[in-house]
Amino acid sequence: MNKLNLILQAHLPYVRHLEYPKFLEENWLFESLNETYIPLLRMLEKLESEGVDFRLSICFSPTLVTMLTDPQLQERFVGYMEERIELGKKEKRRTQNDEKDCYPMALRYLDEAEKNLARFEELGRNILSGYKALHEKNRLELLTTAATHAYLPIYKDYPAAVNAQIVMGIKTHERVFGETPRGFWLPDCGYYPGLDEMLQKNGVSWCQLASHSVITAKDKSIYSGYKPVELPSGTYGFVRDWSITSLVWSAVSGYPCDGDYRDFYRDIGYYLPLDYVRPYIHEPEVRVFTGYKYHAITGRTEDKAYYSYNKASEKVALHVENFLYNIKRRGFSVSSAGINNPVFNLCFDAELFGHRWYEGIDFLEGVMRKADSSEDFVFTTPTSVILENGETEKLRLNESSWGSGGYSDIWLDGSNAWIYRHIFKAIERMEELTRRFPDQGSLKGRFLNQALRELLLAMSSDWPCIMHDGTSVSYAEKRLRNHLGSFNVVYSAMSRNTVNTEWLINAERSSEIFPDIDYHLFEADLD
Amino acid sequence: MILVNIDSLSLSELRSIAVQECIDGADSLSREDLISRLEEKYEEYDQDTDSKDPNLRYMSGLTDYRDISKYVENLPGVEELPESYPDTEIHLIKKNGSWLYAFWSLSPIDSDRLQNEGAELVLSVTIKNNGNTEEYDVPVSYLDSEWNIGIPYGNGYCCIALSAVKDGKKTQLAVSKSEDLTDSYWLNHQEEMKYNDTLYGLYLSLVTTKEGDIVDNPVVREIVQLFRKEDTENEQA
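Sequences listed follow chains A and B, in order.
To convert, note that position 512 of the first sequence is 512 in my numbering; the numbers rise steadily by one, no gaps.
To convert, note that position 36 of the second sequence is 36 in my numbering; the numbers rise steadily by one, no gaps.
Think of the hints as simulated: they come from the structure by calculation, not from any bench.
Because the structure is a prediction, the values reported are computed rather than measured.
Beta carbons: idealized from backbone N, C-alpha and C, even for Gly.
Fair warning: there could be bad hints in the mix.
What the hints assert, rightly or not - For lysine to aspartate or glutamate, the following EDC-like pairs were computed, each having C-alpha atoms within a straight-line distance of at most 16 Å:
hint	chain 1	residue 1	chain 2	residue 2
1	A	Lys137	A	Glu179
2	A	Lys137	A	Glu25
3	A	Lys370	A	Asp101
4	B	Lys166	B	Asp137
5	B	Lys170	B	Glu222
6	A	Lys311	A	Asp260
7	A	Lys218	B	Asp180
8	A	Lys315	A	Glu393
9	A	Lys22	A	Glu83
10	A	Lys220	B	Glu80
11	A	Lys115	A	Glu45
12	A	Lys90	A	Glu114
13	A	Lys90	A	Glu122
14	A	Lys218	B	Glu192
15	A	Lys220	A	Glu393
16	A	Lys311	A	Asp263
17	A	Lys478	A	Glu25
18	A	Lys304	A	Glu99
19	A	Lys394	A	Asp219
20	B	Lys177	A	Glu428
21	A	Lys220	B	Asp197
22	A	Lys218	B	Glu222
23	A	Lys115	A	Asp157
24	A	Lys220	B	Glu192
25	A	Lys478	B	Glu80
26	A	Lys132	A	Glu122
27	B	Lys177	A	Asp219
As the list claims (entries may be wrong) - Derived, one-sided and incomplete: chain B residues facing chain A with beta-carbon distance under 10 Å:
hint	residue
28	Tyr85
29	Lys95
30	Tyr136
31	Tyr142
32	Asn155
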């Protein structure tokens, strides 16, 4: 029997700019809601109602759950969806006469948008309640991650900062889901020796690890990653299977690259006349994705064929077969090497499914249905595997991540290395503030809490990652500078033993995240 | 050996590496020529940059809205950050198994005093590896504030200090915390490899695509090469 741990990570950076009627980067959330988080939930609910026996682990990052439970962002999402539906109706009319090949997909997009909005409203606009219900039915394991998805190995010289990221991740999860998570998604699989001890002290049972962490370990591994790794602290590590995940994730040969699948980039927001799409793009004339996409990937050509959902569905069925076939074949070879009931840990970004890979949710559904009807596979969760008290092995690992090269190069290169000079200094100053003002309540306490909030937001791995990738660099840099600048406002004022009340109220309003933050977190003696 | 992201290196660093690599005329070559010569030296680098990262995060797929320059000025206000901080200190971060990244600052008081005294600055690198100690100095200028340091694999650590040198006497100004070297069982136990064919197959199965591409990691590549070498030697024997 092959045990499958499918672990999805749903994360977006905290983006909330209510000072603007519309803000482009908020679309990251809205697109993901409409194309991944709601359709994924609807698919899982359908499987549950039909009695399909499935298990899945999902990490909703603290920044994402904060946005998903923010009433103002929820309201803005409704506005976004109403625009998509209005555009869908226009598209339905247009494609009856023009670009007739697009008509079936125009209908489909409109139908999906209406169903997604309806489900969103049924859930009281809080989709996490739907996921929580599935968790309570033992279908999902919900886990958390670092407070702002900081890439932790870079901060290992600052245990108080790492601990604050872990504690606020757990606290946010407890506040939203009402229970303590057992699993902790290491942002970008970033592990360093000693991190597991901090997780263990905070009650975490398991985390996921990069695929190469076992072959490169300090100790000899016998199970090669097909059984949980017991880290020095007793926390368990689940090693990502790069070979199997690459069947999906490879940018060159992964299933989503198939020519019959829908093209992500060819969107009417970019090619239909401005007068037509103007109400659905950004003012004054910034073309953006509308979600209405009618072309197939086709191949490495600008001349794209029209997309056929039926054709793509046939391909999904083939890819489901192929995916499970590859796991089964590997299971045979692993078993023949003496490892029975191997555990395959399949870790992905959630937004790959539905948003980036339109057919991805159909693929997941197909895999779960097929696995349920087969005796060769069982979907499980890391916590279930631990509770079975099966075979594990103790290993000491080196620092590692799932980023390019397997270390920290993505978050520390020529484009972003400059940020650490400022972030490290802010961490040291936060430590200083905590020592100097150990017992501040009320206004000064809030002021210091805001400093920690800004520091955590500055530590987000998204900013250096965006700088590295060269996407939305100006926005990432400005966000980072603003958080660090805000931190410095508190530091300067507290150095004079004053509080800028008006500034504090505005800062708290603009970052309504971590309401239970407490700057005393930095007091903990963790060395 | 894998080269650090070469575009991120300063001219001084490029010259320093070129000298270590015995590139002729390293002191007089331009930055572009140095990059080109070093890239030739490290063929692996080219292969690395050609291959796409299969783990590109979701963020990478987002439209680059904000880099449309005419709209950038509409963004919210941006805080100025200080160019430097008034402390003398040095930090070391592990970039990968072969490179550490160091950055430092010199307080204005220290900087003025040391320059008035005519002192020179050096980075003192200490590498403890499998019981052996390697120590060397890298001269840096008052304008430098960052450096990349090559490290070996092994059981040990590296730390660096920023020091002032005057009249042959070295005074430590700041010292970093240490960074562990990458210490892998299989790099230290090559003699066992010939008895572990099955295990090698299992390892490889987790980190190899169906096309035969191995996960992008230099230590894995080195271990795989060692296993293959053992295989070849066994066959020849």
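Status of each hint after checking the structure:
The straight-line distance between the Cα atoms of A:Lys137 and A:Glu179 is roughly 15 Å, inside the 16 Å bound, and the hint therefore holds. Restraint check: the Cα-Cα separation between A:Lys137 and A:Glu25 comes to about 35 Å, which exceeds 16 Å; the hinted pair is violated. Restraint check for A:Lys370 and A:Asp101: the C-alpha separation of about 32 Å exceeds 16 Å, so the hint is violated. Between B:Lys166 and B:Asp137 the alpha-carbon distance is near 14 Å, which keeps this suggested pair within the 16 Å criterion.
Proximity of B:Lys170 to B:Glu222 is assessed by CA-CA distance (about 38 Å); at most 16 Å being required, the pair is judged violated. With a C-alpha separation of about 7 Å, the suggested pair A:Lys311 and A:Asp260 falls inside the 16 Å cut-off, and the hint holds. Of the supplied pair hints, the one linking A:Lys218 and B:Asp180 holds, its CA atoms being roughly 12 Å apart against a limit of 16 Å. Pair hint A:Lys315 plus A:Glu393 does not hold up; C-alpha atoms about 39 Å apart against a cutoff of 16 Å.
A threshold of 16 Å between alpha carbons decides the hint, and for A:Lys22 with A:Glu83 the separation of about 13 Å falls inside it, so the pair holds. For the hint pairing A:Lys220 with B:Glu80, the CA-to-CA distance comes to about 50 Å; that exceeds 16 Å, so the pair is violated. For the proposed pair A:Lys115 and A:Glu45, the alpha carbon gap of about 13 Å is at most 16 Å, so the pair holds. Taken as a hint, the A:Lys90 and A:Glu114 pair is honoured in the structure, with Cα atoms around 14 Å apart against an allowance of 16 Å.
Our distance criterion of 16 Å between C-alpha atoms is broken by A:Lys90 and A:Glu122, whose separation comes to about 26 Å. For a cut-off of 16 Å, the pair hint linking A:Lys218 to B:Glu192 stands: about 15 Å separates their Cα positions. Annotation: proposed proximity of A:Lys220 to A:Glu393 holds, straight-line Cα distance about 10 Å (limit 16 Å). Distance hint between A:Lys311 and A:Asp263 is fulfilled; the C-alpha atoms sit about 14 Å from each other, no more than 16 Å.
Restraint check for A:Lys478 and A:Glu25: satisfied, since their Cα atoms lie roughly 13 Å apart, inside the 16 Å limit. The straight-line distance between the Cα atoms of A:Lys304 and A:Glu99 is roughly 13 Å, inside the 16 Å bound, and the hint therefore holds. Restraint check: the Cα-Cα separation between A:Lys394 and A:Asp219 comes to about 8 Å, which is no more than 16 Å; the hinted pair holds. With a C-alpha separation of about 14 Å, the suggested pair B:Lys177 and A:Glu428 falls inside the 16 Å cut-off, and the hint holds.
Restraint check for A:Lys220 and B:Asp197: the C-alpha separation of about 14 Å stays at or below 16 Å, so the hint holds. Note on A:Lys218 and B:Glu222: the hinted pairing holds, with a Cα-Cα distance of about 15 Å set against a maximum of 16 Å. Between A:Lys115 and A:Asp157 the CA atoms are separated by roughly 48 Å; this puts the pair beyond 16 Å, and the hint is violated. Of the pairs offered as hints, the one joining A:Lys220 and B:Glu192 holds, with about 11 Å between alpha carbons and a cut-off of 16 Å not exceeded.
Restraint check: the Cα-Cα separation between A:Lys478 and B:Glu80 comes to about 10 Å, which is no more than 16 Å; the hinted pair holds. Taking the CA atoms of A:Lys132 and A:Glu122, the gap is near 15 Å; set against the 16 Å cutoff, the hint holds. For a cut-off of 16 Å, the pair hint linking B:Lys177 to A:Asp219 is broken: about 25 Å separates their Cα positions. The beta carbon of B:Tyr85 is positioned within 10 Å of a beta carbon in chain A (closest approach about 5 Å), and the interface hint is therefore held.
With 10 Å as the threshold, the beta carbon of B:Lys95 comes within range of chain A, its nearest partner Cβ sitting at about 5 Å, so the hint holds. At its closest, the beta carbon of B:Tyr136 sits 23 Å from a beta carbon of chain A; the interface hint therefore is violated under the 10 Å criterion. Because the smallest distance between the Cβ of B:Tyr142 and any Cβ of chain A comes to about 17 Å, over 10 Å, the interface hint for this residue is violated. Taking 10 Å as the C-beta cut-off, the interface hint given for B:Asn155 holds, the closest approach to chain A being about 8 Å.
Consistency with the previously given hints fails for numbers 2, 3, 5, 8, 10, 13, 23, 27, 30 and 31, ordered from lowest to highest.
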